[in-house]
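K.L.:
Each chain, written out:
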Amino acid sequence: MSISVLDALRPARKPALLGLVAVFGLLIGAWVHGKYFSDRSPVQPIEFSHKVHAADNEIPCQHCHIYADTTPVAGVPSVSKCIGCHKSLPSVRDQPEILKLMAFWENREPIPWIKVHDVPDFVHFTHKRHVKADLECQECHGPVETMDRITRVATMRMPWCVECHTEKNVEHGRDCWTCHK
Amino acid sequence: MSKISRRDLLQYIGAGGIGAVGGVLYSESIERDVELLIPQVVPPEDYSPGIATWYNTVCNQCSAGCGISVRIREGKAKKIEGNPVHPVSQGRLCARGQSGLNVLYNPDRIREPLTNAGQRGTGNFYPISWDEVLTTIGSRIGRLKIENNASRVRLLTGRVRGHLDELFAQFMGLLGSDHYQQYDFTYPSALKAANKISFGIDQLPYYDIKNADLLLSFGADYLGTWISPVHHSLAYGHMRQGRAGRRGKTVQVEPRMSLSGAAADEWVAARPGTEGLLALGIAHILVSDGHYNGSDRDQWSDVLQAYSPSAVSAETDISEGNIRQLAREFGTSKAALAIAGGATTAGTNAVASAVAVNALNHLAGNLGQPGGIIFNSDQAFSATPGTRQAGMQGILDLVEAMEAGEVDVLLVHDSNPIFSLPDGVGFRQALDKVPLIVALSSFRDETTEQADLILPTNTYLESWGDDVPDPGVGFPVASISQPVVTTLYDTLPVGDIMLSLVRQIGGELPMAMPWRTMEEFVKERWREEYEKRGSADQDFEAFWQAALEAGVWGQPGVMTGDQIVPSGASTIAAITNPASQFAGSETDYPLVLHPYLSASLLDGRGANLPWLQELPDPLTSVVYGSWAELNPATAEDLGIREGDVLEVETPAGSVSVPALIFPALRPGVVAMPIGQGHTAYGRYARNRGANPMDLVSMQIDDRSGDLAWAATRARVRNTGERLQIIKTDGVTRTLGRQILGPKNDHA
Amino acid sequence: MFDHGQPSYAEVNKDILSVMLETGPRYWMLLGTTMSVAVIFFFMPWFYQLIVGVGAAGMNRNAYWGTYLSNFIFWIGLSHSGTLLSAILHITNSPWRKSVYRSAEAMTLFSLMTAALFVMVHLGRVWFVHWSFPIPNQMGLWPNFRSPLMFDVMAITTYLTASSIFIYMGSVPDFAAVRDASTGLRRRLYTIFCFGWRGTAREWHTLGWAYTFFAVFVIPLAVSVHSIVSWDFALSIVPGLHHTIFAPYFVCGAIYSGTAGIVTVMYCLRKYLNFERYIGQVHLDNLGKLLIALSLIWSYINILELFSTWYGGSSFELEALKFKLTGFYAPLYWEMILFCAFVPLLMFFRKFRWSWNKMLVISILINIGMLTERFIIVATSQPRKFLPNAFGFYFPSWIEISITIGSFAIFATLFLIFIKWVPAISIYEVKETLKPLRRDA
Amino acid sequence: MKWGNDLSTFVEKFRQYLKPGYYDEFDYHWTMTIDLDRCTGCEACVVACQAENNLPIVGEKRYAQNREIKWIRIERYWEGEYPDVKMGFIPMLCQHCDAAPCEIACPVFATYHNQDGLNTQIYNRCIGTRTCAVYCPYEVRYFNWFTYTWDEPLEQQLNPDVTVREKGVMEKCTFCIQRIRLAKDNAKDDDRRRVRDGEVVPACVQSCPTEAMAFGDSNDPEAKVSKMMKDPRGYTVLEELNTTPSIVYLKKAHAES
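Chains as they are written, first to last, in my numbering: chain A, 3 to 183; chain B, 290 to 1036; chain C, 10 to 450; chain D, 170 to 426.
Derived from the structure by calculation, the hints contain no laboratory data.
It is possible that part of the hints are untrue.
Stated by the list, open to error - Using 30 Å as the maximum straight-line C-alpha spacing, the simulated DSSO-like pairs for lysine-lysine come out as follows:
hint, chain 1, residue 1, chain 2, residue 2
1, D, K336, B, K367
2, B, K365, A, K117
3, B, K292, A, K16
4, A, K134, B, K367
5, D, K396, B, K499
6, A, K117, D, K336
Said to hold, decoys possible - Covered stretches of chain A, as calculated for chain B (at least 3 residues, CB under 8 Å):
hint, stretch
7, 15-28
8, 34-41
9, 107-114
The C-beta atom is built at its ideal place from N, Cα and C for all residues, glycine as well.
If we strip away everything but chain A, and leave its shape as in the complex, we get (with noise of 0.2 Å):
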């Protein structure tokens, strides 16, 4: 019987192999995707740098997101706060994108920077417990001292928490309601 099975089976062996083919082609459209295509690195509507402003002038997070270790949310710094220090920093004010950021002051109009950390509305993520529990910002967002342009390296899916949680032994950090409302 065993003979006659593979015989059987060899007009089903193409189809098989041309399946086995599209499968392999599906991973590696997701990767190429997620690598390239992905939302995790928007071009936003001013290209501020986080390298030049943590690395190179070493201002620390907490500066900008001042809301981080108090609040549920870091808080992307107002409007004012950027004009705060740029309208004495005339070294750079002919920037082209500083000059759009003098734009945007002048209109009064808030800067639509378009959010590339996000969790879905039904999760509870507060900035001040992790922050309480010394995480480093990069510990999440990645070496963001590096990045002219904000890229996001984790998933920020259920999977990535829960490992964190997991290998942490986060108390009750494994019970569903410590992070969704």
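Since the structure of chain A is provided, determine the placement of chains B, C and D on it from the hints.
P.N.:
What follows is chains B, C and D alone, placed relative to chain A:
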């Protein structure tokens, strides 16, 4: 594997390519939506995202004046709770108060000034600029003032207290018109009039339910709609279980069980309109059985002679034994308190009924005592609550003036007389004779719809103001109302509108009323008061900030002035037969119409709030719509089942409503909730149910001038149609299941 | 056994294979009809429901389960007797089984699929149905193995798998017969389907051994599946559902309705596929007797349920019983009793048992009764549980009724496709029952 | 490596199930007492809950279909006939049973008991089998039959601490878990291990004008609820089902006469 042909190779490449494209598409499809991070341009000082802040202000959903705390996050109001330090609400709040968010964020709010472009009553309104509308009104009133015809300007508001009341009064006073009236359907005018007669004090006293041992309520739904429900509920809770070993008892006298009736230990369904008689019957026994031993016992005995238990029993349909029992309990309780309200004070003899109830309090000797009636001798601030209440007589005068063409400009603020008055008053028709009607309102209710110009006002959550609860809480209290969110639309606080008008009218007005905004005005008045009271331990600004933070200023423990204990003489003199006269003959109209304030919609002002529309009526669980209640026996006699559409007819008119069989209703009574039946007032209220005010005959209680809205007879006819009554209840019997507690319990 | 004379081997092949190989316009019309009914009545309303939410159905806050669930149980029940009967009769070596078992097993398979579809329709968020499978994932989330619904998922998938293998295994020699009788693509396909079956002695031996093994394996599985389905109800504490008798009750009911279903299917096969020679009086007679037995057991358990409820005396249970017997849905209850307990008694008479038309009517009535039985269980108990104030009412909406109708069309469609792909009667087993060979073929 | 982890937790969990008293070993045991002698049925709690937990405005039509969503509702029961007719109110909300019938029902663990003694519902895990609601004897689970929307701008009042549930999801009272979470967060900030009594107040308890409700941790013998629970009037609804609810009702007292 054998060698691969070119054809095969192409196929493999094709498969791989399709797979790859599929992979990219799949990944793209599970991408998150792009969300934006919108920073603020300049952050406000107290802004911290993700953290809630609480602001204290005053509730305006009924006239109790509860202090509220509003939860604000990212500049939006998220929840309203009671202000924990406010003596009226003490951190608690009723359903209506919490629905204030629906007022603020109501989709049907008026968002800009409107004009009807000369077509009144069509419901067509067009936007107009603030400048234009204020100029139009200002010049019109200004001209009248110059012509010395300012009395042709009339101002009708809803319940307004505190310094907004003073602002209105000043405004009208400076114009030279004394026609500033308030009309609030729920205002207990008859009670106030009776108190003036009995006690010689023109105010609503504080009823100390908290410390009472027996509360005898004649029609007053003190837990649901009467005067200050939240405060009464707090007191009720304390009275029931707050004192170890001393559980207060409550008795409710009313033809239709209200929320308070359901909570009461005993529910006495006296014949409608005879509740006052019952009170006098009890008083008779108190005197004759020696529960009362005052020096004026003989006078009491004389005046109560006619109200012997047998006579009263025949009139009220309450057994003699029951009356004696009530009297004995009332006479022997350590702290007995009797209150009157609702339909009892809405008969043709409303004041007489309330006086009869006051007589009971006299005989119980509870005046000025804990668990009794406490007079607020010190009204905080200069405000005089309720003195502007027009009552029905005032409204009739206004209608008469309008009919006679004596009114050129009618300003209506936050009052909806077209809805809450019977058609017999003729308010709607009289409006046709008024050349200019200006409505200051946040919503397009029935009266606003008739206006020529609509000035959209801020809701109370966006306005400055202050309030003195009426009745007080036994010690001086004033609350501050402050905007908790920035104004949502192109609207203005009503005080600011009046001050703008002042500037538009010109003349000596801007000199006398120099304030730019209501905030300035309130603050200045508080400063004056602060200085007057000579509280110099801190500077005013610090006091003001503290008051804003607390939302309330008060002096707990300070009972300024001695408690006045009036003699019984005036009460004795005022006692008359309190039986109510009903419109319509008993043969034509065999039933008695019993309208009652809806626990959620009150007099209809809550009907535009979706949360309240969806709130099951406490006793029937009905939502969305109105109904007519019948006792099961009455319904069976008439062959009516639940859901049959009835035509309820009275001498004044008729409406069609579905029938609801209600076990706790006196036979021979048809009860209807007030609140629905709006023809305007936004998407949630409009064309829903029927308004029982359409059925009420125009009858007035002479002594208070108030509308006797519970003195109409009715008949019902089964139209044969059916209508589903939407309610949440399934079966309302326990079927022997021990849901409300184990049966044979010793407790 | 053969009403119209014994056929030869060649005739057997020809009779049975011609159904597959020769397709007339009538078939296409029929298939087109059933498919469009399925699409219009089942899939389109379902699509609508997916968009607006399960609120499209008539369920409400008092009745969270409705027709979808009762239909699910009905179809699971219908699936019962095919494989179970086939397996039992195989082990007991009953020769009359051989010409009916293939389509009976197909019935099992397709009603299971229809039932699974009802699970999908029932779910509020069907797009997450995969969460109920124990698939390892990075989140470390597992399904809840305490849940009777989880048992369901396991039991039904196992049963579906086992039934598929069982029917496939029994068809392998027949697929070889199809291969031999056909040419071209079909021949290549059936070469794969039959795993290159050559009919050697060793192959026959292996098949026989494996088949018997599977038959033994499937029997407890089938019993467990419907027990587990009954636990969806019985493991709750809802009055009217919380009965220990439910598992045997459901199993018995399932076999009962399934056997009746076989009668209906047999009738159709015989009538429309001209299988008179293979499906005869003996089948009808035997199935009729089986039905009588099942009906008696079913009635007994029913009485037992009523009795134990009454004897238990719990006020909640009595109230539920009262509503079932006298409430709004009482007519349906008594209809069920009439159709499932009394009508089958007619089969004590040979006149009924031997008449195809009469048996068709009886079998359909039984299944109508069983459909309502499931509906009553769902619709009378859970809208009236413990708190009278939360008592409510359930009535199916048009969407639910339409989807119920459509499910029959789905079943019919699947069956129609089946008869074109698999020999509807086991060729080789029918040959086994022929009398010693006549050498004219 | 994950597999091993999962397996060990599973084994551990199973041992815990076998161990009697599993349910007693929670960090907290949030409990509510409701004094029916104080309760007047005014429904302030109903609106408070609606405001706090983003309950949808379902509309007249869906109300008529019996599809309202009210995590706390007032049930009313009449006793007797006119004129000796009495009304009994009882607020009915999720009882957070220690032996909850709903928890065994969910195939995907969308509802489970957490370490606080709460019967929880994870909306985003729910696949909508509705079994939990069928099993619930108190009928306090509510299903999103539709995706509900708010008339603009009513959506601005939605509480950002509570998610808005989509269609096909079961929901129910959470004892205002967002408030519990906030209190625990504050406790952590103050370096306290436990939340103080009275620090957590669910919206319904907060609003109750007669102060009929109390809420707290019954593992703490000094907490107000622990004392209230000892009241001789205390009982639990449908005690015979042995669901061991976390809500203790105090029976209405009768007037002495």
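K.L.:
State for each hint whether it applies.
P.N.:
For each hint, the structure was consulted:
no. : hint            : in the structure
1   : D:K336 / B:K367 : 23 Å, holds
2   : B:K365 / A:K117 : 22 Å, holds
3   : B:K292 / A:K16  : 13 Å, holds
4   : A:K134 / B:K367 : 28 Å, holds
5   : D:K396 / B:K499 : 23 Å, holds
6   : A:K117 / D:K336 : 26 Å, holds
7   : 15-28           : holds (count 10)
8   : 34-41           : holds (count 6)
9   : 107-114         : holds (count 6)
In this structure, none of the earlier numbered hints is contradicted; all agree with it.
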